Amino acid sequence: MAVDIRTFDTFPKLLAHHAQVRGALPAIREKDLGVWQTWTWGRLNDEVRALACGLAAHGLKRGAHLAIVGDNRPRLYAAMCAAQCLGAVPVPLYQDAVATEMAFPIQNADIGFAMAEDQEQVDKLLEVLPTCPSLKRIYFDDPRGLRHYAQPELSSYEQLQEVGREFDAKNPGFFDAEVARGLGADTAAMFFTSGTTGNPKGVVLTHTALVDRAHAAALMEGLGDSDVVLAYLPPAWIGQNIFSYAQPFVTGYCICCPESAETVMADMREIGPTYYFAPPRVLEALLTTVSIRMEDAGSLKRKMYGYFMDVARRVGAKILDGEQVAAGDRLLYRLGDVFVYGPLRNVLGMSRVRVAYTAGEAIGPDLFVFYRSIGINLKQLYGSTETSVFVCIQPNGQVKPDTVGPAVPGVELKFTPQRELLIRSPGLFKEYYKNPQATADAKDAEGWFHTGDAGYFDPDGHLKIIDRVKDVGALTDGTLFAPKYIENKLKFFPYIREAVAFGHAKDKVCVFINFDMEAVGNWAERHNLPYTGYVDLASRDEVCDLVASCIEKVNLDLSQDPELANSQIHRFLILHKELDADDGELTRTRKVRRGYIGERYLPLVEALYAGRDSVHIEVQVRYEDGRTGNVSADLKIRDVKTFPAAAAKRAA
Amino acid sequence: MSGGRKIGEVILAVENVSLAFGGVKALSGVSFDVREHEVRAIIGPNGAGKSSMLNVINGVYHPQQGTIRLRGREFHDMDPHEVALAGIARTFQNLALFKGMSVLDNIMTGRNLRMRTNLLLQALRIGPAAREEMVHREAVERIIDFLEIQAWRKTPVGRLPYGLQKRVDLGRALAMEPSVLLLDEPMAGMNVEEKQDMCRFILDVNDHFGTTIVLIEHDMSVVMDISDRVVVLDYGKKIGDGTPAEVRGNQAVIDAYLGVSH
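Heads up: the protein sequence lines correspond to chains A and B, in order.
Quick note: the first sequence uses our numbering, first residue 1, plus one each step.
Quick note: the second sequence uses our numbering, first residue 653, plus one each step.
Keep in mind that a hint or two might mislead.
What the hints assert, rightly or not - For lysine-lysine, the following BS3-like pairs were computed, each having C-alpha atoms within a straight-line distance of at most 30 Å:
{"id": "1", "chain 1": "A", "residue 1": "LYS508", "chain 2": "A", "residue 2": "LYS491"}
{"id": "2", "chain 1": "A", "residue 1": "LYS301", "chain 2": "B", "residue 2": "LYS677"}
{"id": "3", "chain 1": "B", "residue 1": "LYS751", "chain 2": "A", "residue 2": "LYS31"}
{"id": "4", "chain 1": "A", "residue 1": "LYS301", "chain 2": "A", "residue 2": "LYS430"}
{"id": "5", "chain 1": "B", "residue 1": "LYS806", "chain 2": "A", "residue 2": "LYS301"}
Unchecked claim - Calculated from the model, a selection of chain A residues having no Cβ within reach of chain B, i.e. all distances over 10 Å:
{"id": "6", "residue": "GLY34"}
{"id": "7", "residue": "HIS148"}
{"id": "8", "residue": "GLU162"}
{"id": "9", "residue": "ASN171"}
{"id": "10", "residue": "ASP176"}
{"id": "11", "residue": "GLY584"}
Keep in mind the hints are simulated off the structure, nothing from the lab.
These figures come from a predicted structure and were not determined experimentally.
Yeah, the Cβ is synthetic: ideal placement off N, Cα and C, and Gly gets one too.
Please put together the full structure from these sequences, using the hints given.
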């Protein structure tokens with residue numbers, strides 16, 4: 001089943017191998033006019049060959065760059081491979097980027113060729129054309145709306161293939177010779193990382209890096225050519241590219257392209273993928289849809305759902321992990337599987353999922369356990385563009401909600417004294433394109449990649465990522481203080497919208513809380529608590545109790561972890577207003593600006609640490625129309641119960 | 653914008669049409685023509701007779717006076733069914749979709765005119781009926797793809813937001829493969845984004861299928877952007893006719909729209 005990745009060390013060689021071995025098996029499916037259309041590996045090989053010859057005839061040289069702009073489409077993936085056949089480098093760009101954002105990568109990488117999905121993408125490329133003199137040719141997949149475009153740079157996918165077939169007929173040995181010339185050490189692709197500060201950086205990855213990591217993970221999960229994946233995230237993102245390009249090329253499985261972004265749910269049910277990836281926000285959105293539909297269901301169904309979900313919560317995850325469970329519970333779970341979990345998996349399109357991954361951001365334990373408890377083998381993984389994704393994966397049967405698992409075979413991990421995670425792996429990137437300074441900063445002489453993430457190994461050797469290194473601090477007694485880790489734990493409660501943790505160079509941890517107006521408002525109505533608005537609710541003892549109970553649970557959780565037990569939350573206050581990007585308290589992407597908040601609300605921070613029961617605050621706020629006004633309030637400060645460090649005691 | 657699209661001969665000619673309901677004169681002596689492949693707009697303030705004009709072309713009303721020629725052939729007292737057979741399709745201002753039926757089925761009703769097998773065969777789905785359904789289903793799928801409504805293929809129309817229902821309405825009219833498409837206020841009640849989408853679809857239909865389009869519209873900016881020529885009606889009379897630029901400069905039109913001090 002597994003291919004020899006030393007012989008077939010580049011993607012074009014792998015394609016040729018699959019075309020020979022499993023030429024009649026599906027490689028890519030796409031839904032068109034309501035019917036799933038299939039490209040076999042043989043067909044894909046033919047498409048790639050014609051494209052590659054066409055690109056060669058148009059002058060695409062070894063080492064040159066070809067931009068790929070669009071959604072998941074068979075033809076765009078074919079174009080990626082065609083470029084690689086010639087030793088050129090495909091550069092996938094985000095299809096939802098605006099034109100000006102596209103100019104930088106094109107200029108930076110001197111991109112001369114581009115394969116665009118449709119009119120929308122062509123328009124953007126044409127818009128940046130005057131500022132990107134290197135761009136000479138633009139090809140498009142879907143001709144709709146492009147009939148009257150007369151720009152000399154434009155030609156269609158079909159026209160390109162036409163040129164290619166002619167070229168191929170005249171130079172019969174050319175294509176195979178070009179593929180044979182490719183080496184594993186050649187650059188396979190370049191991905192631009194989004195870069196929150198400054199310009200994005202082009203991450204250069206070799207064939208060896210991508211093939212090796214894709215192979216290692218596939219081996220670990222036992223992926224084969226009967227697996228099916230739905231490709232629905234942007235192909236310019238390394239994660240999607242690994243799952244829908246690198247891994248299928250290594251294992252020979254089939255990827256499916258949904259009809260449109262809106263039809264993903266329906267397409268997923270039709271396809272029934274066996275291997276699935278979703279970032280936490282997608283999983284959360286799915287769960288919300290289910291919950292809403294359950295609330296609209298009849299009372300019998302609702303009761304049945306409630307009852308069996310309780311059973312699942314109690315024993316579902318344990319059964320999936322192969323732990324011992326009482327026979328009665330096992331029977332109940334079976335019953336639940338027939339009436340609730342099975343149909344639910346079916347609605348979610350996950351009936352056939354063997355392996356599902358989530359990554360990208362912290363996932364709430366409730367959300368994570370929900371999927372596992374209904375029998376979906378959801379696991380976390382850790383990785384980034386620079387590492388060809390796979391660094392850590394949770395192995396089957398050893399899944400914990402708050403770690404990302406041990407290192408994947410081939411990866412070495414270590415920590416700096418500042419707890420920064422360093423990685424050495426065959427999957428590491430070659431360099432940042434045209435940016436030797438950034439490359440040297442990120443990758444040291446011994447080949448360790450500095451992730452910028454802080455973390456540690458738990459007692460079982462699983463990696464736990466807690467925060468970015470630059471944000472991690474320490475309490476006065478030297479205990480590790482990871483503000484984002486604590487804030488995230490708080491934010492997993494539906495009642496808490498934002499949290500700001502303080503503790504660096506202090507003797508204990510204290511937090512500001514913003515509760516979620518909708519959730520708490522709802523809660524107040526159910527508890528017959530009349531209120532006028534946020535400020536009113538914030539001053540209620542009942543609401544303080546509610547928030548305190550959430551914090552206590554976080555403390556209990558933290559006490560289980562010897563490293564973090566001392567960073568339990570001692571005191572908190574509920575802010576009198578919601579944190580707002582207009583006041584500079586949040587970034588536009590809703591990230592808390594801890595430093596600024598600490599300065600702006602300095603009296604509040606001081607009051608928290610001075611041990612007072614309440615504090616008066618007066619601040620200026622900016623309204624949406626630009627006017628400013630003053631808000632003043634008396635805020636209550638509460639102590640929260642903390643717990644003795646359980647695991648630390650055991651160790652002592 | 654109109655690129656390589658060739659505007660051809662006169663396809664529809666309205667000559668001296670008058671329509672009255674009892675004592676109320678809805679239209680009096682209106683004449684204009686529509687050329688093949690063009691986008692022709694009829695504008696005017698409320699009650700100017702725009703919808704009446706469309707209903708006259710469509711065969712819903714029969715004018716007391718005047719003639720209408722389609723490709724030179726005069727038609728008198730044709731009912732809507734016959735007009736449809738002659739290649740004129742329309743959408744409605746207040747939507748006339750089957751709310752309980754899916755998007756797919758609604759658009760399929762537009763194919764009805766082109767079905768050749770009889771009701772019994774269709775009901776039993778045997779022999780030629782099954783083959784015919786395949787052909788029509790493909791045509792419907794092309795329209796669904798064209799209008800980008802794949803995600804709602806099987807959703808009952810009544811559950812869709814208004815802007816999408818309008819798109820389905822357009823889809824059903826397109827399913828008839830008309831040579832002339834009459835659109836009655838296709839953008840009424842839409843937000844800016846939906847209006848832009850609709851404009852794009854109208855232009856795409858015109859460009860892709862070469863369909864001649866006659867549209868009534870309230871929103872002046874929309875009309876000026878997408879039409880080749882504009883007819884302006886006021887109190888049932890034609891007060892202006894020409895390219896958007898000409899109409900914009902026409903004093904009678906400015907008076908009708910902006911009011912005039914007497």
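Checked hints:
A distance of roughly 20 Å separates the Cα atoms of LYS508 of chain A and LYS491 of chain A; the hinted pair therefore holds under the 30 Å criterion. Between LYS301 of chain A and LYS677 of chain B the CA atoms are separated by roughly 61 Å; this puts the pair beyond 30 Å, and the hint is violated. Only pairs whose Cα atoms come within 30 Å are accepted, and LYS751 of chain B paired with LYS31 of chain A is accepted, the gap being roughly 27 Å. Note on LYS301 of chain A and LYS430 of chain A: the hinted pairing is violated, with a Cα-Cα distance of about 55 Å set against a maximum of 30 Å.
With a C-alpha separation of about 25 Å, the suggested pairing of LYS806 of chain B with LYS301 of chain A holds against the 30 Å cut-off. Distance check for GLY34 of chain A against chain B: the nearest CB is about 5 Å away, which does not clear 10 Å, and the non-interface claim fails. Listed as a non-interface residue, HIS148 of chain A fails to keep its Cβ farther than 10 Å from every Cβ of chain B; the least gap is roughly 3 Å. For GLU162 of chain A, the non-interface assignment is confirmed: its Cβ lies about 21 Å from the closest Cβ of chain B, beyond the 10 Å cut-off.
Distance to chain B confirms ASN171 of chain A as a non-interface residue, since its nearest Cβ pair spans about 35 Å, more than 10 Å. Against chain B, the non-interface label of ASP176 of chain A holds: every CB pair exceeds 10 Å, the least being about 37 Å. At the 10 Å boundary, the C-beta of GLY584 of chain A stays outside the reach of chain B, the nearest C-beta of that chain being 30 Å off.
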